[in-house]
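S.K.: Go ahead and model the full structure; you've got the sequences and the hints to work with.
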Amino acid sequence: MTPTRADVCAAAIADAFADDGELFASPMGLLPMLGVRLCRLTQNPDLVISDGESLFLASPPPLFAKGDVVEGWIPFRRVFDVVAYGKRHVMMGATQIDRHGNQNISAIGDFARPKRQLLGSRGAPGNTVNNRTSYWVPNHSPRTFVEKVDVVSGVGPQRAKAAGRAASRYHDIHRIVTNLAVLDVRGPGDTLRLLSAHPGVTLDQVREASGCDLHVDGDGAIPQSRLPTAEELVLINEMLDPKGLRFKEVPE
Amino acid sequence: MTKGPRDKRMSIDEVVATLEDGITLGIGGWGPRRKPMALVRAILRSDLKELTLVSWGGADVGLLVRAGKVKKLVYAFVSLDSVPLEPNFQRGRQEGTIPEVVELDEGMFQTGLLAASQRLPFLPMRAGLGSDVLVNNPWLKTVTSPYDDGQELVAVPALELDVALVHLNRADRHGNATYLGPDPYFDDLFCMAAERAYVSCEQIVDTAGLTVDAPVQRLLIHRMMVDGVVETPNGAHFTTCTPDYERDERFQRAYVAAASGSDDEWAAFEERFLSGDETSYQAAVTQFAEESR
Numbered sequence: 001m002t003p004t005r006a007d008v009c010a011a012a013i014a015d016a017f018a019d020d021g022e023l024f025a026s027p028m029g030l031l032p033m034l035g036v037r038l039c040r041l042t043q044n045p046d047l048v049i050s051d052g053e054s055l056f057l058a059s060p061p062p063l064f065a066k067g068d069v070v071e072g073w074i075p076f077r078r079v080f081d082v083v084a085y086g087k088r089h090v091m092m093g094a095t096q097i098d099r100h101g102n103q104n105i106s107a108i109g110d111f112a113r114p115k116r117q118l119l120g121s122r123g124a125p126g127n128t129v130n131n132r133t134s135y136w137v138p139n140h141s142p143r144t145f146v147e148k149v150d151v152v153s154g155v156g157p158q159r160a161k162a163a164g165r166a167a168s169r170y171h172d173i174h175r176i177v178t179n180l181a182v183l184d185v186r187g188p189g190d191t192l193r194l195l196s197a198h199p200g201v202t203l204d205q206v207r208e209a210s211g212c213d214l215h216v217d218g219d220g221a222i223p224q225s226r227l228p229t230a231e232e233l234v235l236i237n238e239m240l241d242p243k244g245l246r247f248k249e250v251p252e
Numbered sequence: 253m254t255k256g257p258r259d260k261r262m263s264i265d266e267v268v269a270t271l272e273d274g275i276t277l278g279i280g281g282w283g284p285r286r287k288p289m290a291l292v293r294a295i296l297r298s299d300l301k302e303l304t305l306v307s308w309g310g311a312d313v314g315l316l317v318r319a320g321k322v323k324k325l326v327y328a329f330v331s332l333d334s335v336p337l338e339p340n341f342q343r344g345r346q347e348g349t350i351p352e353v354v355e356l357d358e359g360m361f362q363t364g365l366l367a368a369s370q371r372l373p374f375l376p377m378r379a380g381l382g383s384d385v386l387v388n389n390p391w392l393k394t395v396t397s398p399y400d401d402g403q404e405l406v407a408v409p410a411l412e413l414d415v416a417l418v419h420l421n422r423a424d425r426h427g428n429a430t431y432l433g434p435d436p437y438f439d440d441l442f443c444m445a446a447e448r449a450y451v452s453c454e455q456i457v458d459t460a461g462l463t464v465d466a467p468v469q470r471l472l473i474h475r476m477m478v479d480g481v482v483e484t485p486n487g488a489h490f491t492t493c494t495p496d497y498e499r500d501e502r503f504q505r506a507y508v509a510a511a512s513g514s515d516d517e518w519a520a521f522e523e524r525f526l527s528g529d530e531t532s533y534q535a536a537v538t539q540f541a542e543e544s545r
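Protein chains in written order, with my numbering: chain G, 1 to 252; chain Z, 253 to 545.
Think of the hints as simulated: they come from the structure by calculation, not from any bench.
Take the hints with a grain of salt, since some may be wrong.
[Said to hold, decoys possible] Computed Cβ-Cβ distance ranges for the label pairs, DEER-style:
id	chain 1	residue 1	chain 2	residue 2	range
1	Z	D529	G	R165	48 to 58 Å
2	Z	E522	G	G52	28 to 38 Å
3	G	L227	Z	S532	56 to 66 Å
Positions of the beta carbon are idealized from the N, C-alpha and C atoms, including for glycine.
M.R.: Right under this line is the structure:
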């Protein structure tokens with residue numbers, strides 16, 4: 001089986017949850033759900049997963065299938081409890097992410113009269129100051145990676161520190177996985193740092209697809225994102241996503 | 253003769269007749285899930301105006317905004333789930349037809365309702381710190397812990413409601429009500445945060461009937477929180493009301509197409525579905541389902 005770009009993304013998302021231990025993994029969107037379930041089946045069997053609605057599932061079903069064994073109840077009110085409790089790692093989407101790791105899902109343009117109204121800030125402000133937060137960006141482009149977001153929904157590390165101890169104490173932006181690369185926010189001055197580029201993607205291509213500077217450690221070369229293992233490919237292709245739904249989000 | 257608790261059954265129009273211009277209205281459910289849509293539709297038909305709307309929003313927000321009923325909107329998101337962006341809300345924001353908006357974090361929303369339900373002026377929380385929620389709502393204040401930690405937290409103000417509208421699966425005539433689906437959402441909090449609360453439901457049953465096929469833990473709403481009960485079969489349409497019915501995705505797509513289309517296309521949708529009373533709405537929905545079969 002030849003790994004596709006979507007498979008590489010799923011493995012990179014799985015890696016983001018690998019050292020989480022026993023906490024609630026909350027993936028928003030298709031690839032994050034796939035990556036989290038892959039992680040639960042391989043690197044982190046203690047991970048707590050849900051059906052994305054109101055049930056904790058004892059084992060990961062294929063994408064959009066029902067789980068057979070339920071191990072808990074997680075309606076929205078209890079999601080908020082867990083956010084504040086802290087044993088949660090959410091991977092959200094992002095319409096914009098800026099150099100300082102702030103995320104926007106609220107509106108494009110001036111908030112008072114937006115050019116384009118998006119979802120609203122949802123749980124991003126609370127997530128980012130309460131529990132580990134990662135982002136998934138299926139369309140890495142100069143419009144998604146920007147110098148400054150139009151609205152700060154998810155809080156980046158610099159702003160969290162500026163807001164005081166209550167905001168920074170549990171603040172933990174962990175990983176940003178895109179269709180081109182893997183990043184975090186541990187560049188100089190809490191800025192975006194490129195960790196790896198996916199196979200077939202050059203550093204220049206990632207830079208061209210970004211509207212802001214990306215820090216690279218060391219001599220300026222970046223490693224390639226790892227290929228999924230043979231076991232992971234079997235799990236993705238034969239169990240979790242036999243219909244290839246992931247290719248809708250990351251085309252081959 | 254023995255006396256029992258009072259009978260709070262009302263009609264849809266009787267509920268809407270109790271509402272006044274300018275009130276703060278909380279709408280239960282979540283996004284496109286278990287929304288009191290029959291009551292929302294009745295508000296669309298009324299002369300009510302200048303409402304302050306408090307909602308984890310779905311088409312309830314979109315419809316009321318499009319109808320020009322909303323003076324102020326308090327929300328954390330407005331979404332139809334399978335269609336992420338609510339077209340009427342989006343249009344209202346982009347055209348500037350919602351005079352005032354308050355965008356909160358979705359957890360702050362719960363905390364605000366909790367504060368109101370406990371008759372507190374605010375409750376502290378971390379959510380909001382460092383984000384533009386505090387920038388775009390400069391009236392939101394922080395509070396410093398009086399204990400040794402001295403942390404600065406957001407003082408989430410009570411979301412006090414004049415009226416709450418919620419939709420449950422079953423209720424009795426006194427206002428006790430059960431949800432039979434996967435999630436209670438926050439309907440109890442909406443009722444307790446409000447001066448008056450009205451419950452619409454799929455079916456009114458005897459009190460004993462509420463626990464015949466549902467565990468007592470599903471009795472989310474108690475009559476002491478409730479001022480009126482309305483039976484509105486299919487009254488959450490086109491949102492979910494699991495297990496009675498799921499979201500009507502086909503209808504939702506038609507709604508989205510009309511709302512995203514020209515003024516004429518929206519006018520045609522309004523004429524077909526929203527110009528008459530609830531009975532004619534349901535008849536039009538039945539006909540729509542038959543046509544598209």
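S.K.: Compare the structure with each hint and give your call.
M.R.: Verification of the supplied hints:
1. About 56 Å separates the C-beta atoms of D529/Z and R165/G, a value consistent with the hinted range of 48 to 58 Å.
2. Evaluation of the 28 to 38 Å hint for E522/Z and G52/G yields a pass: the beta carbon distance comes to about 33 Å.
3. Distance hint check: the CB atoms of L227/G and S532/Z are about 60 Å apart, consistent with the given range 56 to 66 Å.
Checked against the numbered hints given earlier, the structure satisfies every one of them.
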